[in-house]
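Engineer: The chain contents come next:
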Amino acid sequence: MSTSVPDSGVAPAARPSSTPALLRLDGVHAEVAGQPVLRGITLDVAEGEFVAVLGHNGAGKSTLLRTVLGLVPVRRGQVRFSGDDITRSPTPQIVRKGVSLVPQQRGYFENLSVADNLAFGARTDGRIGLDEIYELFPILRERRGQLVGTMSGGQRQMVAISIALMSSPRLLMLDEPSVGLQPNLVARVMEVATQVNTEFGITVILVEQNIEKVLQVARRVVVINQGLVQLDEPVAEVTADHIWQLL
Amino acid sequence: MLLEVENVSKSFGGLQAVKNATFEVPEAQVTGLVGPNGAGKTTLFNMISGTIRADAGAIRYRDMEITGLTPQARIGRGIARSFQDVRLLPRLTVLENVVVGVQGQPGERLRNVFTRPRHAVRSEKENLRRAAECLDYVGMPVSVHHELAGGLSYGEQKLVSIARLLATGADLLLLDEPTSGLDEGSLDEFRTVLRRLIAEGRTVLLVEHNMLLVRELCDRAVFLSTGEVLAIDTPGRLMENEELRNVYFGA
Amino acid sequence: MSEYILSVATLIAIYAILSVSLSLLVGHTGIFSMAHAALFGVGAYTYAVLTVQFGWGPGPALIVALLAAALAGAVMAIPSLRVSGDYFLVASFALQVVAASVFENWTSVTGGTGGIPGIQRPTMGPLDFGDSTAFLGLAVGVAVLVVAVSLWIVRSPYGRMLHVVRDDEVVAATLGKPVRFAKVSITVLSGAFAGLAGVLYAQYLLYLSPGTFEVATSVSVITMVVLGGMTSVLGSVIGAAVIVLIPQGLRQLDIASSAAGPLEQVFFGLLLILLMFVRPQGLLGGSRRPAAARGDVGDAAKGATVHAA
Amino acid sequence: AVVMTGCGTSSGSGGGSAAGGGGTGEGYACDADEVTIGGLWAQSGPQAAYGEWFANGTEMAVEHINADGGIGGRTQIRLQVEDTRALPEPAVVAFQGMVSDGIQYVLSSFSSQTLALAPIAANEEVVLINGGAQSDALGEQGPFLFNTIPLLRNESVALAEKLYEDGVQSAAIIYTSDDGGEAARENFEEAFTELGGEITGVESGEFGGTDFRSQLTKLRSTDPEVLLLGAFGQDSANIINQVREIGWDVPLANTSWVAIPAVLENPAAEGLRLTTIPFEPSEEFQQEYQQKYGEAPTSAFIGNYYDGVKIFAEAFEHVCDSGAETVSGAALADAIREIETFDSVYGSELTFEEGTASRPIDLAVIRGGAVTPVE
Amino acid sequence: MDLFVQLLLNGLVAGSLYALVAVGFALIFAATRHFHIAHAAVFAAGGYFAYFLADLLPVGSAIAAAVLLSVVLGVLLVVFLYRPLERRGGAGFVLFLVSLGALIVIDNIFTVGLGARPARLDAGGWFSTTVDIGRWSLIAGQVALIVVAFVLFGGLVTLLARTRMGKLVQAFSGNPEFVQIVGRKPQVVLVVVYALGSLLAAVAGVYVAADTGMQPGLGETFFIVSVMAVIIGGIGSITGAFVAAMLLGLLENILLLVMGAEWTLAAIFVLFLVLITVSPEGLAKINLRRARASA
Ligand SMILES: Nc1ncnc2c1ncn2[C@@H]1O[C@H](COP(=O)(O)OP(=O)(O)OP(=O)(O)O)[C@@H](O)[C@H]1O
Ligand SMILES: Nc1ncnc2c1ncn2[C@@H]1O[C@H](COP(=O)(O)OP(=O)(O)OP(=O)(O)O)[C@@H](O)[C@H]1O
Ligand SMILES: [Mg+2]
Ligand SMILES: [Mg+2]
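Residue numbers (our numbering), protein chains in the order written: chain A, 1 to 247; chain B, 1 to 251; chain C, 1 to 309; chain D, 1 to 375; chain E, 1 to 295.
Just so you know, these hints were derived from the structure itself, not from any lab. A hint or two may mislead.
Unchecked claim - Looking from chain D toward chain C, a few residues come up when the C-beta cut is under 10 Å (computed):
id, residue
1, Gly45
2, Ala48
3, Asp83
4, Pro88
5, Glu89
6, Pro90
7, Phe95
8, Gly97
9, Ser111
10, Gln113
11, Ser135
12, Ala137
13, Asp178
14, Ala183
15, Ser204
For every residue, glycine included, the Cβ atom is placed at its ideal position computed from N, Cα and C.
Take the sequences, apply the hints, and build the full model.
Structural biologist: Dropping the structure here:
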């Protein structure tokens with residue numbers, strides 16, 4: 001049903017920045033199941049930024065994050081992280097460079113216990129350890145022996161977020177982390193995202209549907225539409241209504 | 001009362017997911033089922049729709065006990081559900097996904113396929129028309145009717161799953177987090193659909209974490225926590241409740 | 001036409017019936033059966049035993065053979081009600097081995113490994129199916145009928161219901177579909193078709209022995225179905241033709257040594273591998289590519305894990 | 001009849017298809033430079049080891065005849081072999097192909113495939129030679145099937161009689177559940193009990209690489225005087241080992257098919273009693289075979305197929321000598337019946353009785369790694 | 001009684017053989033969801049390689065080299081067939097058929113090499129020395145087989161339960177893609193799993209070659225019974241597979257007391273069908289209940 005959008009689209013706003021880009025996408029094209037999904041994404045994210053990505057269902061937000069991580073092959077264009085070309089690097093190698101993703105679905109191992117799951121995120125040099133996680137999600141301490149597959153939808157989501165946080169990445173990508181979470185936890189997750197960004201200088205890319213929430217936490221907004229960057233502005237320069245109209 | 005849940009319990013191994021839950025769902029209203037993650041909402045849905053069996057307690061629909069019935073029998077009486085994780089059939093087309101919701105199709109009986117082919121064909125036409133209507137109802141354009149459901153975006157899938165629910169003709173609709181992950185546009189669409197349904201006299205039991213939506217759409221809400229019903233009230237009053245605020249809504 | 005060509009053409013028609021009947025299960029209902037050779041065998045043996053051992057006429061023997069194969073299909077459906085995916089694959093494997101074992105060891109009825117010689121082809125009025133051309137006509141006629149019925153079925157609402165059952169049983173149940181009945185009825189019908197193929201096979205070969213109805217045959221029928229495209233009824237026909245013709249084609253290569261047989265098998269294996277790389281959706285499995293190619297054996301094991309205990 | 005591509009067009013050219021013509025009625029031309037005969041046996045699958053012996057015997061005979069200038073010093077024989085995996089269906093299809101190519105004479109083996117071919121051979125009037133299968137049903141398959149191997153009933157009955165004469169009163173049977181093993185059991189059991197002997201127990205196992213120890217353990221508890229092995233090839237060798245490994249010293253017996261190197265060289269087989277169809281090819285033959293195939297020609301199968309080709313040559317000449325211009329399958333079959341007795345590579349004579357070779361059967365014993373006759 | 005105990009001992013031997021093949025398959029299947037029917041070919045390869053190499057090397061080295069080669073074979077299959085195919089989106093039946101193709105190819109290549117003669121490995125005189133156990137007996141080769149089966153099984157369980165690699169294998173079995181997202185290499189898991197699984201099967205293959213000789217088609221027979229054990233044991237449970245395989249071996253032999261050998265396998269299969277119809281999750285269901293209760 002996707003009507004084709006000409007490659008030119010809306011040119012992304014030039015983003016002069018004093019710090020060198022941590023992540024740089026240059027005209028990235030990608031396909032899923034033979035269908036073009038990303039059609040030339042160009043995006044720079046500087047170290048320490050907090051970028052929110054918005055867009056319709058099916059706009060290609062998840063695909064964008066998965067492409068950065070090498071889970072979706074790049075057809076055309078280039079992805080650089082911290083100056084290195086990672087366009088064709090295997091996922092584990094990219095992760096080791098310091099990129100973490102909380103996927104939209106199944107960001108955990110159902111068949112392992114909570115504790116075993118968290119161990120996969122643990123880093124010896126980690127700034128966020130088990131204690132911090134258990135403070136954030138107390139239920140996980142209580143249930144540390146339970147198989148994640150037997151937990152409720154929201155409980156699983158907590159595990160997924162925790163694994164990514166514990167890996168203490170340079171770039172943290174969150175794909176709708178609050179889906180299915182109870183309201184007070186949604187707020188907590190947003191707080192934590194802000195906290196790791198400001199306290200530890202972790203660069204954050206957050207995909208979200210809730211515009212108001214996004215504007216509260218992020219410092220820059222990127223809107224994706226039909227596989228292209230449609231808007232790319234600092235939060236200060238956009239309003240919810242403005243974005244509403246784009247969507 | 002359309003649906004009565006009385007002292008229903010369910011344990012998984014050592015974990016009691018639902019404890020003596022009792023509540024009612026009045027006809028032609030939207031009743032919310034809210035509560036923290038892991039409260040037992042999905043588990044309750046599973047028991048009402050018959051995909052799992054309650055350990056104890058009774059479930060009544062239109063004053064008839066349905067506790068022991070199969071899922072097939074329950075939908076036959078007019079209870080239909082959606083899934084937290086959508087569950088469309090990705091290899092069927094959008095229209096097929098909806099038409100399979102229609103109950104009592106003569107063409108689904110192998111015997112009729114051979115012995116009464118004309119009858120089956122005629123009613124098939126009628127069913128397809130009805131499915132198309134349901135898709136129209138949720139705002140899906142005709143152009144997507146023959147696309148595979150697997151290729152739809154998440155939001156569209158959710159709308160199609162509601163169309164499928166409508167096609168069943170059921171009176172009681174169980175919706176499990178129908179809006180999570182929907183973009184703002186689709187959310188609007190969903191609101192409209194739900195209002196129209198209620199206006200038509202259907203009954204909805206809605207699981208939802210989006211409290212703005214609950215407040216806007218629900219007449220009453222059941223608050224569930226660690227498997228127990230803590231309160232039943234209007235959404236507005238529930239949200240003012242200090243205790244619930246702490247465990248759920250947040251400051 | 002030479003006897004040879006008639007013979008190969010007849011085999012293609014018979015295997016087409018068999019593979020179409022299996023595609024109803026595998027492609028349309030998601031029942032991955034490794035026991036199709038057993039159903040085929042039940043039809044063939046019932047017919048042969050009744051006509052040769054008990055002197056029945058071809059008509060009644062045919063009817064009983066179809067019923068027996070349908071019944072065998074019903075028996076096969078029982079585990080399919082409880083398990084799916086890999087579990088059923090292995091369950092049907094077991095059924096296949098049990099059936100083969102019965103064909104081989106119930107010597108007093110099936111003649112054991114010695115088999116049943118002396119089967120006759122039927123005559124119908126002026127039509128003598130002992131004539132190879134007439135028999136080919138019969139086989140093709142039956143095949144066309146089976147294909148037509150199968151196409152009609154998979155395109156009916158009943159077929160659509162099978163697809164729902166195939167893709168998600170929980171959803172099917174919550175939509176009010178009679179999941180069990182759907183599975184049993186299609187397995188019974190598929191069994192009857194396989195039995196029909198078996199009867200034709202007995203009449204074609206005029207001799208039965210258990211070797212024909214072993215796992216290897218089930219495997220080659222599955223190959224026919226997958227080759228043609230699991231959800232394509234016509235594809236199954238093509239798959240059958242290709243699998244029957246391959247050894248005939250290789251024969252023309254005339255590799256004259258004792259290694260010819262194994263090399264032919266090696267070639268067949270390589271072909272299978274190559275096909276899965278080049279066209280996993282099968283020859284006619286075109287339009288609905290991504291999903292069809294994902295056809296899932298691994299389903300039952302979802303959430304299964306390696307654990308030491 | 002429509003003839004397969006490449007057939008009939010090159011008659012007499014020395015190409016692969018001088019057989020010419022298709023279907024029944026016609027046949028080989030007496031003045032052809034080359035005629036084709038068929039071979040149908042397993043080249044792959046579990047039975048392929050036997051296929052190799054059949055092939056070797058057949059090939060040697062073809063080479064010998066061709067080296068001597070062909071049949072009647074003129075007609076070369078060409079051998080066309082196809083793999084059947086010992087299954088009936090591929091055999092039938094391949095056979096039909098051979099018939100369409102005009103072949104009038106086909107060597108086959110394995111009971112089930114040969115039983116499937118027999119009615120078609122009769123219908124198409126093509127001679128079918130079996131030198132490997134011993135199932136008794138092969139004795140009643142009409143005028144176009146000739147067995148160059150005695151059937152099991154002949155051997156098993158002889159074995160039962162000779163053992164009983166030796167004073168053996170009771171026997172247990174272990175057999176493989178293939179047609180050969182099955183027939184061996186049935187015939188022996190019937191003959192032995194008829195004579196007044198007692199069968200103390202019967203056990204079976206799958207053909208091919210089975211561990212028989214448990215069955216043997218069970219049979220041991222029935223305490224028979226002799227254990228009959230209804231198995232051949234490696235299975236037979238395995239059973240012999242396993243009998244001794246479980247510490248059972250019962251005397252063993254088997255029919256001639258047991259005499260393969262793996263058994264003869266095995267000290268555990270010492271003293272095993274067996275029927276033999278004395279296969280004593282000439283020194284020359286033995287040397288040639290050894291050189292060609294790297295083993296001694298101990299299997300009688302080799303001889304049976306060698307004879308099968310020789311019979312063809314003799315029958316072919318017989319037909320042409322009688323003034324015919326073509327040699328049909330029917331004519332070949334008649335010729336074989338007329339000639340009746342042939343020289344055999346066995347070193348003895350071969351006589352057909354109702355289509356089945358009657359060969360002398362002796363009782364022997366394995367001693368010092370060799371089959372030694374007993375008086 | 002004498003007979004019964006001897007049959008039990010024989011059952012233990014058969015069970016050990018099935019267990020080696022079954023545990024290897026269970027590991028591979030649970031971790032990868034590959035219906036690796038070419039496992040049967042790896043089993044056969046163990047026997048064939050040992051048979052061929054015994055002409056060139058002392059028997060001990062030949063066996064070691066044969067096992068190593070089979071392990072390499074198993075790993076090659078996953079690296080060059082399954083993995084690339086998965087990359088192209090193949091799964092389920094597609095992988096099954098490729099595996100089937102590989103089985104046919106490998107089996108027949110050996111047949112060409114052998115001329116279909118049974119490959120009987122001469123493992124030395126010790127192999128068939130009778131070992132008396134009370135009034136009963138086994139041969140030394142059988143005793144060795146049982147010991148090896150238990151040792152390898154124990155080692156594998158320890159490895160899975162105690163090491164990081166074990167956890168990684170489990171993680172991979174649950175969510176292979178997420179393994180990459182947490183920065184681990186899935187190839188490593190695949191290689192380890194196939195190497196270990198193939199090792200177990202190859203050892204069983206060597207034993208069969210030494211005992212009765214390896215033959216075309218033999219691998220499939222052992223494979224079918226072993227897969228059945230995997231299902232009875234509960235897919236994913238290594239211990240379940242081991243125990244079920246042992247039980248099948250014992251049962252197969254004990255059934256001889258009441259029926260002929262031609263029916264024992266059929267009887268086991270019928271029993272299997274009844275069992276999975278009644279309790280689809282196999283023995284693991286019981287395990288799972290216990291695990292939940294303790295959670
Ligand atoms: N496995 C798949 N098969 C077919 N199409 C797919 C698949 N995965 C994604 N797509 C298609 O790719 C497009 C982009 O999907 P993506 O998941 O990136 O969207 P999104 O912006 O994350 O949407 P949402 O907000 O719903 O999560 C959609 O049109 C979707 O239908
Ligand atoms: N099959 C199962 N085995 C063990 N525990 C289970 C199982 N299913 C659910 N649970 C547990 O039961 C509790 C209730 O789960 P349920 O899915 O009903 O929660 P929910 O209210 O729907 O939560 P959410 O809002 O997160 O979806 C949870 O603690 C969960 O861990
Ligand atoms: Mg997304
Ligand atoms: Mg839920």
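Engineer: Against this structure, judge whether each hint is valid.
Structural biologist: Okay, the hints, checked on the actual structure:
1. Given the 10 Å rule on beta carbons, the hint for Gly45/D holds: about 7 Å separates it from the nearest Cβ of chain C.
2. At its closest, the beta carbon of Ala48/D sits 7 Å from a beta carbon of chain C; the interface hint therefore holds under the 10 Å criterion.
3. Restraint check, Asp83/D versus chain C: the minimum CB separation of about 3 Å is within 10 Å; hint holds.
4. With a cut of 10 Å, the hint placing Pro88/D at the interface with chain C holds, because the nearest CB-to-CB distance is about 6 Å.
5. Contact between Glu89/D and chain C, as hinted, is supported at the beta carbon level, the nearest pair being about 6 Å apart and thus within 10 Å.
6. Annotation: interface hint on Pro90/D holds; nearest CB of chain C at approximately 7 Å, less than 10 Å.
7. Given hint, Phe95/D at the interface with chain C, holds; its Cβ is 9 Å from that chain's nearest Cβ, closer than 10 Å.
8. Hint on Gly97/D holds. Least Cβ distance to chain C is approximately 4 Å, under the 10 Å limit.
9. Annotation: interface hint on Ser111/D holds; nearest CB of chain C at approximately 6 Å, less than 10 Å.
10. Below 10 Å, beta-carbon pairs count as interface contacts, and Gln113/D has one with chain C at about 8 Å; its hint therefore holds.
11. A distance limit of 10 Å between C-beta atoms decides the matter here; for Ser135/D the minimum to chain C is near 6 Å, and the interface restraint holds.
12. At a threshold of 10 Å, the smallest CB-CB gap from Ala137/D to chain C is about 6 Å, leaving the interface hint in force.
13. Look at Asp178/D: its Cβ gets to within about 5 Å of chain C, closer than 10 Å, so that hint holds up.
14. A cut of 10 Å between beta carbons decides the hint on Ala183/D: the least distance to chain C is about 8 Å, and the hint holds.
15. Below 10 Å, beta-carbon pairs count as interface contacts, and Ser204/D has one with chain C at about 9 Å; its hint therefore holds.
Of the numbered hints given earlier, the model fails none.
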